[in-house]
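So you can see what is in the structure, the chains are spelled out below.
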Amino acid sequence: MSEVVISAQSVGKTFGAGPDMVKALGGVSVDIFQNEFFTMLGPSGCGKTTLLRLIGGFEQASYGQILLEGQPLNDLPPFKRPINTVFQSYALFPHLTVRQNITFGLEMKSVSRREANARADEMLDLVQLAEYGDRVPSQLSGGQQQRIALARALAPAPKVLLLDEPLSALDLKLRKEMQVELKRLQTETGITFVFVTHDQEEALAMSDRIAVMQSGQILQVGGPREIYEQPTHRFVADFIGDSNFLIGDLVEAPNGGRAINFGESQVINFTQDVAADKSNDVTVSIRPERLDIVGADSAVANQLAGTVRAVTYFGTDTTYRVDLDGQATVTVRMQNGDGATAQFAQGDRVGVVVPSDAIRVLVD
Amino acid sequence: MGNILRSKRFWLIAPAVVYIGFFMAIPLVQMAYVSILERGDYGGVNWGAFSFNAYVNFIFERDLMDNLVVNTDYIQIFLRSFGLSAMTMTFALLLGFPTAFYISTQPQGRRNLLIFLVTIPFWTNILVRNYAWMLLLRNGGLLDSLLNWAGMETGGLDILYTPYAVSIGLTYTYLPFMVLPIYASLEKLDHRLVEAAFDLGADKRRAMTRVILPLAAPGIAAGCILVVIPCLGAYVTPELLGGGKFMMIANLIGSQFGAARNWPFGAGLGFVLLAIVLISMMVYSLKFKSLPEEKI
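Those protein sequence lines, which keep their order, are chains Y and L.
Take 10 as the starting number for the first sequence in our numbering and just add one per residue.
Take 5 as the starting number for the second sequence in our numbering and just add one per residue.
Think of the hints as simulated: they come from the structure by calculation, not from any bench.
Built from N, CA and C at the ideal position, the CB exists for glycine as well.
Hints are not guaranteed to be accurate.
The list that follows gives simulated cross-link-like pairs (lysine to aspartate or glutamate, DMTMM-like), each with its CA atoms no further than 25 angstroms apart [said to hold, decoys possible]: (1) 118(Y) with 45(L); (2) 168(Y) with 199(L); (3) 192(Y) with 258(Y).
Going by beta-carbon spacing under 10 angstroms, a handful of chain L positions derived as facing chain Y [said to hold, decoys possible]: (4) 12; (5) 59; (6) 198; (7) 201; (8) 212.
Take the sequences, apply the hints, and build the full model.
Below, the structure written as C-alpha cells:
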C-alpha cells in the first residue's frame, strides 16, 4: 500500500496515579496508510477512543510516540495538527450558523472570507445540504447535524480525519445511509479516515482495514475479510460475527498434514500454518456457516459425530445446535434453498463436516 | 374565572401574588401618586394638589426672573451614578469572569466549595463590610501601610472618600452577582465545543473569544445587569466610602425624603431611575431573545 500517514509506536496512556491508576492504552503500535479508511473496533473501554484522542492531540501519551508523515506529534497541541475530528456529539457551535461552523476552521487558517465561503458551499454540496447554510445547528435533524460536522471537519482539508463513533446517535436506517455516505466522502476526498466504533457490522461495511482492540491492546489488524475469516484471537472471532470454539490437541495427520484431535478419536485435518509453540489444549474457531451437517452414516471426510439438540428455522437459513461427542455444543448454520441437504430433527445422530480451511487455530 | 379559583396552582402562587401586590405594587402606585403632587412645606405632600414640578425640577430650575433654565445638577448625579456603576461593572467583570472560568474548570466537589466561598461575604452585614473597607483604604490603613512597608512612599494613599473607593466597595459587594451567573453559563458549556475549536485550529485565545465568550454571553449580560442595577440604587457604600461627597442617585433620593423635605421630587427621581432601568432591560431582552438555544 501507499505511504504511512500516522504511525503509532508503542503508545501508551494511563490515567490517574497510584492505586487508582487506569491503564487505558498499553503500548500499541500501528501504521495507518494514506487514503485509507481505517477503523478501530472494540467494546467500550478497549482504548480505541483514547488512541483517537492521542492522535487528535486532546490527550498526551504517557509513553511512546505518534508520527505524522514521519514527524513526531507528541508536543503539538490539537490546533497545530493538520488533523480534524468529527465528534460523537457533533459539537457544532450553537451560536454560529451552519456556514459559519464550516468556515470556522478556515478562518483559523487565515483563509480569506470569500474563499472560505466558497469552500463552505463546496462542502455543503459535498454533504448534500446546499440549502442549509444559513440555518443554525438546532434547526437541523441529527443526521443533518452529522453531515455538517463532517463538512466542518473536512473543510480545512486535513491530512487525517478522525471520527469518534459519529453514527452511534443515529437510528438504524440513517446509520446505514451514513455508512455509504462516509465511504463515498472518503473516496471522493482522498483523505485518510480513522474511524472508531464498537459496531462490528459498521466496521466490516466501511473499512479498508480494521484494528480490533481489547483492554488497551490491538489484537489484530487486517482487512474486513481477513479479520472475519482468519481471526487470530478468541476475542476477535467472538466479537466479530458468531463463532464456535472447540478445544483440541494439534497432532500429525496420518497423511502427513496438520490435524487436530478433539478427543474420542475425532481427528480433523486443517490447512492453516501454525507456529506451534503450544500443541495441547489449543482453541480453534469455526464459523457456523462454514460447517455442514450430514447423516451419521455419511462417509464424508473431516466430520465430527454428534447429536442434534435443537433446530431453529430462520427463513433464509436453519440453525442446528449439535452436541459433539466429547466436546462442546456447536452451532451449524445451513442455508435453506435449492441445495439444502436433508432435514434433521432433535435427537438425530449426525456428522458435522468441518472443511479443513474453516479451522482457525487461535493464539489464546 | 371559577376554574381559576378552583385550580391548585392558583392557590399555590396566591400568597406570593398577595405579598407582591401588597408590599410592592401598592407602594409603587402610592409613590407614583406622590410624585405628581405638590410638596408640603414641612415635608410630606399636599394631598389633592397636583403638580408636575418633580419631573420639571429634574431638568430645569427657575431663575430669579422666574424663567425655566436648564439645571444639570441632578443629571450630573445620574450620570455620575451610571459612570460609577459602569466602572463597578467593569471591575466586577474583569475580576468575576476569570474567577467563574477558573471555578468551572475545577472538579465537581472543588467547584461546590469554591462557589460556597464566593457567597461567604453575603453572610456579613453590609455596614460592617463597608466599615472594614474604610479601615483598609484610609490613610495609614492596612493598604497604605502595606504599600509603605513595601517601599512605596504613598504619602497617604488618599483613596478613601473618592469615587474609586466607592467603586471598590461596590465591586466587592456585588462581585458574587457577577460570578454566579457567569459560572452558571460556563458550567453548562459543553467542553467538547472547546475541543472542537482547538481541533479546527483555534488557539486558546481564539477559542476563548470565538466560542467560550459568545456562549457565556447570556451569563455575562445577566451578571452585568445584576451588578449595575443594585449599584444604581446603592446607598450605604457611597455614603460611607464616598464620605457623602459623592452623591449617587439613592443618596439624592434619600435626601429629598429627609433633609430637603421634597417628597414629590424624591418619588419623581425614583421613577426616572425606574424608567431608565426598565428601558435598558427591554433592550437587553430583545437583544438576547434571538439567541438560539442549543438542542441537545
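Closest C-beta approach of residue 201(L) to chain Y relative to 10 angstroms, hint status: Hint on residue 201(L): holds, closest Cβ of chain Y at ~7 angstroms, below 10 angstroms.
Interface hint for residue 59(L), Cβ within 10 angstroms of any Cβ on chain Y: violated, 42 angstroms
Pair hint residue 192(Y) and residue 258(Y), alpha-carbon separation not exceeding 25 angstroms: Violated, at about 43 angstroms.
Status of the hint placing residue 12(L) at chain Y (closest C-beta pair under 10 angstroms): Because about 34 angstroms separates residue 12(L) from the closest Cβ in chain Y, which is outside the 10 angstroms limit, the hint is violated.
Pairwise hint evaluation, residue 199(L) against residue 168(Y), where the allowed Cα distance is 25 angstroms at most: With Cα atoms ~18 angstroms apart, residue 168(Y) and residue 199(L) stay inside 25 angstroms; holds.
Status of the residue 212(L) interface restraint (C-beta, 10 angstroms, chain Y): violated, 13 angstroms
Interface hint status, residue 198(L) versus chain Y (Cβ within 10 angstroms): holds, 9 angstroms
Proposed proximity, residue 45(L) with residue 118(Y) (alpha carbon, max 25 angstroms): The hint is violated at about 73 angstroms.
The structure shown violates the earlier hints numbered 1, 3, 4, 5, 8.
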